[in-house]
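The hints should help you fit chain H onto chain B, whose structure is shown.
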Amino acid sequence: MGMREYILKRVASALVTFALIIVLNFFIFRIMPGDPARAVVGDVRMRPEMREILIRKFGLDKPLWVQFLYYLKNLAKGDLGYSFQYPGTPVTEIILGRRLMNTFLLMGGSIAISLLIGMGLGVVAAWKRGSKLDVAVLTFSLVTYSIPTFWMGLLIILFLGFYADLIPLGGTVTPGAEYANWFQYAADYFHHMIGPLITLVLSFIGYYFMIMRNTLLDVFTEDYMLTARAKGLKTRTVLFRHAMRNAMLPMISVIALEVVYLFSGATATETVFSWHGLGLLIYESVLRADLPVLQGLFLFIALSVLVANLLADITYALVDPRIRYG
Amino acid sequence: MSRAAVRRRTLFKRISSFWQLYKASKLGVFGLAVMVAFGLIAALAPFLTPYDPGDFVGKPLESPSLKHPLGTDQMGRDLLSRLIYGTRISLAVGLSASAMAVLIGAVIGLVSGYFGGIVDMVLMRITDVFIQLPTLPLMLIFVAILGKGIFNIILVIAILGWTPTARMVRSQTLSLKERPFVEAARAIGASDLHILARHIAPNVVPLIFANAAISVVNAVLSESFLSFLGFGDPRVPSWGMLLYYARLAGATVNGYWWFIIPPGVAIMLLALGFACINYSLDQILNPRLRRR
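If you're matching them up, the sequences are chains B and H in order.
Per my numbering: the first sequence = residues 493 to 818.
Per my numbering: the second sequence = residues 40 to 331.
Next comes chain B alone, as it looks inside the complex (with noise of 0.2 Å):
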C-alpha cells in the first residue's frame, strides 16, 4: 500500500472516530438522572420566552431521536446552544475567545519551554546513563510526577507569593488597573502569567525527560548503534546523526499530541491561579451546572484530540519510511 491510501485510509478511520464523537457528545449528557430536557432549558435562571425557544429549537418535547436530529441539525449550522452561567450568550462565543487565547498563550509557553529543557536533560542521561545527573533527574522526574499539579500551585503562590511577593496572587490581569499603553498591559499580563507557567513547566519536564531518555536507550540498544560506535565514528556524531535522530520519531507523536492541551488547558493549575482559561471555565461550568457549554468544550476537546492524532500519524508516515501501511 501507498502512501497516498494510507492517507486516505487514516483520514476514513478519523471520519469514524468523529462520528462516534458526535453521538457520546449527544448521549454523554442525556443519561443523567431525571428529564433529559434539564441538560438545554431544566435552568431557572433560564427566563420563560428563552425556554420556549429553545423548546422548540432543540425538539425537547419530541422523542429521544428527534432530538438527536435537531442536535445534528444545530450542530451544522454550528449552533451548539446558549450558556446558562452567561445567559443569552451562545456557547461557541465563550470557548472560541479571549479564554481561549489565555490558555493557548499560557499551555504554548509551557510545553515549549519544558519540551527544551526536558529533551536535553533527556538525551545527557541517557548518554551519561547512572551518572549523579541521571539518578538526580530521575528522582527529580518521579517526585513531581506524585505532585498534585494544584498543590504545587499551592505552594508556589504561598511562597513565591505570599512570602516573596514577586508574583500576584492570582488572576490574568490587575482588575480595575488602567493602562497608559499596550506594553503595559502586556507586562501585567505576562507578570501574571509566571506564576501557573512555573507550576506547569515543573509538573511537564520529568514526563518529556523520561519519555526522551527511555526513548534513547531503546535505540542504543540497535545494532545499528553498534556499527557505527564499531566504525570509530567520534561520540557526537554516534549521539546526534544516528542516536538522536532515530529517537525523534517517538517524539514527533508525543510533541503533536500535546497540542491537545493547548485547547483543553490546564484545569487544575488555572483554578488555583484563576487564570481565565479554558480549563477555568470547565470548573465555574460544573459549578454553575452550565451543561451546554460542558458539552461544548467536551466537542471542542474530543476534535483537537481527533485532528492532533491525525496529524501525528501523517507526520510519522511522511518522516520515517519504515512505517508499514497498514
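It is worth saying that the hints were derived from the structure and are not from the lab.
Please read all numbers here as calculations on a predicted model, not as lab measurements.
There could be a bad hint or two in this list.
As the list claims (entries may be wrong) - Restricting the straight-line Cα-Cα distance to at most 25 Å, the calculated cross-link-like pairs of lysine to aspartate or glutamate (DMTMM-like) are: (1) H:K65 to B:D626; (2) B:K620 to H:D321; (3) H:K187 to B:E776; (4) B:K501 to H:D167; (5) B:K569 to B:E544; (6) B:K554 to B:E541; (7) H:K65 to B:D812; (8) H:K62 to B:D626; (9) B:K726 to B:D715; (10) H:K65 to H:D321; (11) B:K501 to H:D159; (12) H:K52 to H:D321; (13) H:K106 to H:D91; (14) B:K624 to H:D321.
Claimed, not checked - Partner residues aside, some chain B positions facing chain H, computed with beta carbon under 8 Å: (15) I520; (16) F632; (17) V635; (18) F642; (19) L646; (20) L658; (21) L661; (22) A748; (23) L749; (24) V752; (25) A760; (26) V778; (27) L783; (28) A794; (29) V797.
The beta carbon of each residue, even a glycine, is placed where N, CA and C say it ideally should be.
Just chain H, lined up with the frame of chain B:
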C-alpha cells in the same frame, strides 16, 4: 505429593524468586515501606490521634503548638487528627477506584484480545477515544453529569482509568492465545471460558499488578484534585478535602502554611510510594527493559 501440594510449592518458589529480584531494587523496597506505613496509620488511626477529627477542640486557625502539632482549621478542629483519619479515606478511595479501573480494563482487554473480530474492533475504537482525551477536564464533566459525592468520584476515576490496562492486557492475550498450551487445551475440547479463566488470565496477572500500581497513583492524585475542588463528601474528609477547606479559609493569601503543606506532603508520599513500586515491577516484569 498431591497435585495441590505440588502447585502450592511451585507458587511458593515463584513468589520467593520474585522477591529476590524485587528486594534488590531500592526504590521498590522504599515504595513497599511507604505503603505499609500508610496502611498501619490508617488501621491504627484511633490510637494515634490526640483528638476526634470532627470535634471543635481549639480556637479557629491556630498555628502549630504543643497542644495542636499541626494547628487547627477554621472551625477549630485539630488538623493532625484530621490528617491521620484522612489517610483512611484517601487510601481506601485510591485503592478501590484503581481496583475497579484495573478490573474493567482487564475484562475488556481479555475479551477483546481473545475473541477478536468485530468485538475487538468496537472495544478498541472506544478505548482509542478514551485513552487520548485529557483526563482531568473529562473527570470534571462526568462529575457534573453524575453529581458530587465520594462514590461518584470513585466511579469517575474508574470510568476514565481503565484504558491503559485494557490495551496492555489485550496485546498480551493476543500473543498468549497463539501459544501451544492454549491450542492443546482447545484440542481436548475446553470451552472459551475455561481457557480464559485457567490458561490466559493467570498469565496476565503479573502485568495487571504492575498496572494496578500506577493506577493507584493516578487514582490518589485524581481523588485529591476532585476533593480539593469541593466535589467530595464533607462527612468523609480525605486529604484533598483538607486542602479544600484550606482554600475556603484563604490559606495561601493569609499564609496559613500549616493548613496547606502537611496534606499535600501526605498525598505526595503515598503517590510516590506506589510510583516506586510500579517502577521496580516494570523493571522486573517488562522484558523489553531487561535487555538494556
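Here's how the hints hold up against the structure:
1. H:K65 to B:D626: holds, 16 Å
2. B:K620 to H:D321: holds, 22 Å
3. H:K187 to B:E776: Holds: H:K187 and B:E776 sit about 15 Å apart, inside 25 Å.
4. B:K501 to H:D167: The given pair, whose Cα atoms are some 16 Å apart, holds under the 25 Å limit.
5. B:K569 to B:E544: The given pair, whose Cα atoms are some 20 Å apart, holds under the 25 Å limit.
6. B:K554 to B:E541: Judged against 25 Å, a Cα distance of about 19 Å means the pair holds.
7. H:K65 to B:D812: Status violated; Cα separation ~39 Å.
8. H:K62 to B:D626: Given that 25 Å is the threshold and the Cα spacing comes to 22 Å, the pair holds.
9. B:K726 to B:D715: Holds, because 17 Å separates the two Cα atoms, which is no more than 25 Å.
10. H:K65 to H:D321: holds, 14 Å
11. B:K501 to H:D159: holds, 19 Å
12. H:K52 to H:D321: Status holds; Cα separation ~20 Å.
13. H:K106 to H:D91: holds, 14 Å
14. B:K624 to H:D321: holds, 22 Å
15. I520: holds, 7 Å
16. F632: Since chain H brings no Cβ nearer than about 12 Å to B:F632, farther than 8 Å, the hint is violated.
17. V635: For B:V635, the interface hint holds, since the closest Cβ of chain H sits about 6 Å away, which is under 8 Å.
18. F642: holds, 6 Å
19. L646: Interface hint status for B:L646: holds (5 Å vs cutoff 8 Å).
20. L658: Violated: closest Cβ of chain H sits about 14 Å from B:L658, beyond 8 Å.
21. L661: Because about 5 Å separates B:L661 from the closest Cβ in chain H, which is inside the 8 Å limit, the hint holds.
22. A748: Check failed: Cβ of B:A748 comes no nearer than 11 Å to chain H, outside 8 Å.
23. L749: holds, 7 Å
24. V752: holds, 6 Å
25. A760: Holds, because the Cβ-Cβ distance from B:A760 to chain H comes to roughly 6 Å (cut-off 8 Å).
26. V778: Holds - the Cβ of B:V778 comes within 8 Å of chain H, reaching about 4 Å at its closest.
27. L783: holds, 7 Å
28. A794: holds, 6 Å
29. V797: Holds - the Cβ of B:V797 comes within 8 Å of chain H, reaching about 5 Å at its closest.
Of the numbered hints listed earlier, those contradicted by the structure are 7, 16, 20 and 22.
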